[in-house]
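Student: Here is what each chain is made of, one letter per residue.
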Amino acid sequence: MTIIRELGDYGFNLAKDEHMHLVFLLKNLSGKLSASFRLAEGAKLQIEQIIIGGKTDCSLSYTLDKNAQLEQSNALKLSNNDTFNFAYFADHVGENSQSSIKIIGSLDDRAQKQSELKIHFAKGATGAFGSEAEKITLLGKQTRNVAIPTILSDESEAQGRHSFSSGHISEDELNYLQSRGLPSDKIKEIMARGELLKIAKLTKSPEIIQEFE
Amino acid sequence: MRLRDGLDDKIIDEISTLKGDPEWMRQFRHDCLKTYHELDFPKWGPDLSGLDLEHISNYVRSSSAMVSSWDEVPDDIRNSFEQLGIPESEKGDLAGVGAQYDSELVYHRVKEEASKRGVVYLGIEEAMKDPKYAEIFREHFMKLVPPSDHKFTALHGAVWSGGSFVHIPAGVSAEFPLQSYYRFNAPGAGQFEHTLIILEEGANLHFIEGCSAPKYNVANLHAGCVEIFVGKNASIKYSTVESWSKNMFNLNTKRAVVEEGGKIEWVTGSFGSQVSMLYPMAILKGRGASMEYSGVSLAGEGQDLDTGVKVLHQAPDTRSLINSKSISKSGGKNTFRSLVKVLNDAKNSRSFTDCASLMMDDQSHNYTIPVFDIREASASVAHEASVGKISEREIEYLCSRGMSEDTARGLIVRGFANDVSKQLPVEYAIEMNNYLKLSMEGNL
Amino acid sequence: MELCGFCAQTEKSEILHDISFTLSAGSTTLLTGANGAGKSTILRGIMGLGGLQYSGKILLDGKNISKLSIDERARSGIFMSFQEPVAIEGLSLIEALRSALEAKGEKLALSAVKVRISEALEKVGLSPFIASRELNHKLSGGEKKKCEIAQMLVLQPKLVLLDEIDSGLDAKSCKSISKILSNYQAETGATYLIVSHNLKILSELKVDQELIVEDGRIVKK
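If you're matching them up, the sequences are chains F, U and B in order. Counted from 1, the first sequence has number 191 at position 191 by this note's numbering; the numbering is strictly sequential. Counted from 1, the second sequence has number 408 at position 408 by this note's numbering; the numbering is strictly sequential. Counted from 1, the third sequence has number 20 at position 20 by this note's numbering; the numbering is strictly sequential.
Next comes chain F alone, as it looks inside the complex (with noise of 0.2 Å):
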């Protein structure tokens, strides 16, 4: 597992069943990264991506050959006037290729967050999936969460799902903690914390759990 904790332009060209594991971990930067990666047949890459505060532009794509595999995580914690604009481009030209990204985040007093997930289908790239998930927790009053989660499909064998919510609990967890005895605003923090935390584990860097715990 690598870590890069620079902001910069980057490149990265996964060869024909490469596995690559690697965390951006951005603490209080300001200024832009950029990445693209080409996945070639069958590669496989599980990106993490920590933004702890900072006012930073970030653009990642990828392009994904035949069975290749891509899993990316975003830990989000933002406060006070921290900004993050955050674009993300998968494009499965690949058959069978498959992509996942999941976002969660939490944006207290005055932070802002705009992100644009785009997922595209390339005819030919049947059996292809992708799936984008992005779960916001606002806490502070004047927080503001953009979210344009896109789905552009050329190819009617391949599958694609979104979901988003900010700010949305199930009844059925927002039930079973009042039942504990938490207050609302109480429990949307602290299940916002947890899975945080949850993706900060999946970078196995004690460091980087740390700042989640």
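Derived by calculation from the structure, the hints in this document are not laboratory data. Don't take every hint at face value.
Distance condition first, Cα-Cα at most 30 Å in a straight line; then the derived DSBU-like pairs of lysine-lysine [unchecked claim]:
id, chain 1, residue 1, chain 2, residue 2
1, B, Lys-172, B, Lys-158
2, B, Lys-12, F, Lys-16
3, F, Lys-102, U, Lys-422
4, B, Lys-67, U, Lys-389
5, U, Lys-341, F, Lys-141
6, B, Lys-138, F, Lys-135
7, U, Lys-246, F, Lys-123
8, F, Lys-102, U, Lys-389
9, F, Lys-118, U, Lys-341
10, U, Lys-437, B, Lys-138
11, U, Lys-422, B, Lys-104
12, F, Lys-123, U, Lys-341
13, F, Lys-44, B, Lys-12
Chain F is fixed; fit chains U and B onto it per the hints.
Tutor: Relative to chain F, chains U and B alone:
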């Protein structure tokens, strides 16, 4: 000299004179024309280059848009009427021909029934000129959808013609659905119509726009406008089933503002047109206001349907529920575009969107582009979308009961659209289901 | 029905090898074997369900149906009760059956179909209201299986393939479904091919033949 569309002040004056506009409306039209020429085409969405703006002026001015006999209606339109089971007497109306007398008669009957209940239901031009309604008309006309909104609202403001005016006093329920009234004998029938609906406190209405049979028109632009003012605790269901002919550009703008406790339900079936850009919108202005949207859209060969919904949560405890179903086949392109915006004052608001898309074959295209802009921490917003092909498992299961694959597909698609069709009055639901079935079988 | 040298394969391997057996009219045959042996695959192969390449002959009343599509086979008188009945959004049971009957040449009004299916539902111990609801929606596993039998009673097939019809059914329901199957067979002379782990479904039926399936082959008759 730059090629223009021929729409100039002279034509606007002619329209205004023909319609007997009050002076303020004449001036209003001129101002809109100016805005229209200043604004650009939208920089996003479907390709509008096929739009025949050059001939709009001719169309708007002359009565040549109306075919003068049933025989001049293209074969495919006539055949579709047969298949959809449209009765003989109505075929004429829908093709823009036929007994003016019949449609006038129907209109007056509905009008009489409605007024017995205190419901005001008039042709909009009538309302504009009637001393009883002129002021309320002027207070509301194009205030919710200003001409400056985009190029086609400006065009609409300049050349609008016909439509409905509905005013429902406080506490009154219109007991049966009202329908938009097209005066088929008038030039520009139904294409630049303006619908203005005002519901006072506690009022109730179901309004149906258009019809489900294909309408044939010579000029290829529909730039209508619908403005709905929903008063406190009032509620309205606005149903549209449209299948304009396949050369049409359907660029309708619909907007509602909803006061405290009020509710609007949009029910939309979009099947026609070559290109559509339709995004009914609700501004949830008062506490507890709510919007529900159920829409189904089917894009077949040569069609580019860009539809969706917009909602603005401006007050606490507001609710929106969006359910969209899109189907694309034979190379059609279907785009779902939505905006859910929740402002800082919209405490404890809730919004949920469910968007499902079916691609029937390997030539179709389906795009889902929802936008969320959430600025309130206590708001709860959730959205789910899926894009994919019709389930083989479902087809097999139905075939194993003995029906052909085509029949199975037709039933599955109808079932997929069921959420929407069940919201419509029965005769529209039947026509819509019929339309879906025939489309699936490649007969439309 | 007769299967002659029937095989099924995926792109990579052969799942069924040279399956041959005969079902005489009006008889009941039981397919047994460990999980994954290929029992359900045989039933799915007779129905022509997708996902596999099939070869060999399937003769129904002497006629080779192996080239027919799923719906053609169904219209030839075959009915399969699915191991996992499929739920279809927005489509009512009545509407599905009406279309199925219409495909067979029986054009009935919705109300007539409703009567038929309601009677069948009541027979299997389900509420007749299920007829108007979405197909297989919000039904428990056992209810879905009962619904399959109700469909069978409406469609009146001559060859019935039962794929674990008993899974999800309690003992009492097993017995009553068994009785219904027995009565149906007595009335119509239908032929049954049954895959079952829970032999309670056979309580009211007489098994004429048992075929043991192992690794995609018939090992014992």
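Student: So if I understand the rule, the pair passes when the alpha-carbon distance is 30 Å or less; does Lys-102 (chain F) with Lys-422 (chain U) pass?
Tutor: Roughly 35 Å separates the two Cα atoms, so the pair is violated.
Student: Holds or violated: Lys-123 (chain F) with Lys-341 (chain U), Cα cutoff 30 Å?
Tutor: violated (33 Å)
Student: Lys-67 (chain B) and Lys-389 (chain U): Cα distance at most 30 Å?
Tutor: holds (26 Å)
Student: CA of Lys-172 (chain B) to CA of Lys-158 (chain B), is that 30 Å or under?
Tutor: holds (26 Å)
Student: Check whether the Cα positions of Lys-102 (chain F) and Lys-389 (chain U) lie no farther apart than 30 Å.
Tutor: Distance of about 24 Å is within 30 Å: holds.
Student: Lys-341 (chain U) and Lys-141 (chain F) were given as a pair; does the straight-line alpha-carbon distance stay at or below 30 Å?
Tutor: holds (16 Å)
Student: Taking only the CA atoms, is the gap from Lys-246 (chain U) to Lys-123 (chain F) under or equal to 30 Å?
Tutor: With a Cα-Cα distance of about 26 Å, the restraint between Lys-246 (chain U) and Lys-123 (chain F) holds, given a limit of 30 Å.
Student: Hey, Lys-437 (chain U) versus Lys-138 (chain B), does the alpha-carbon distance stay inside 30 Å?
Tutor: holds (26 Å)
Student: Given the hint that Lys-12 (chain B) pairs with Lys-16 (chain F), test it: the Cα-Cα distance must not exceed 30 Å.
Tutor: holds (22 Å)
Student: Are Lys-138 (chain B) and Lys-135 (chain F) close enough, with their CA atoms no more than 30 Å apart?
Tutor: holds (28 Å)
Student: Verify the proposed pairing of Lys-422 (chain U) with Lys-104 (chain B), using a straight-line Cα cut of 30 Å.
Tutor: Measuring from Cα to Cα gives roughly 28 Å; hence the hint holds.
Student: Lys-118 (chain F) and Lys-341 (chain U): Cα distance at most 30 Å?
Tutor: holds (20 Å)
Figure legend: structure checked against the earlier numbered hints; hints not met, in rising order: 3, 12.
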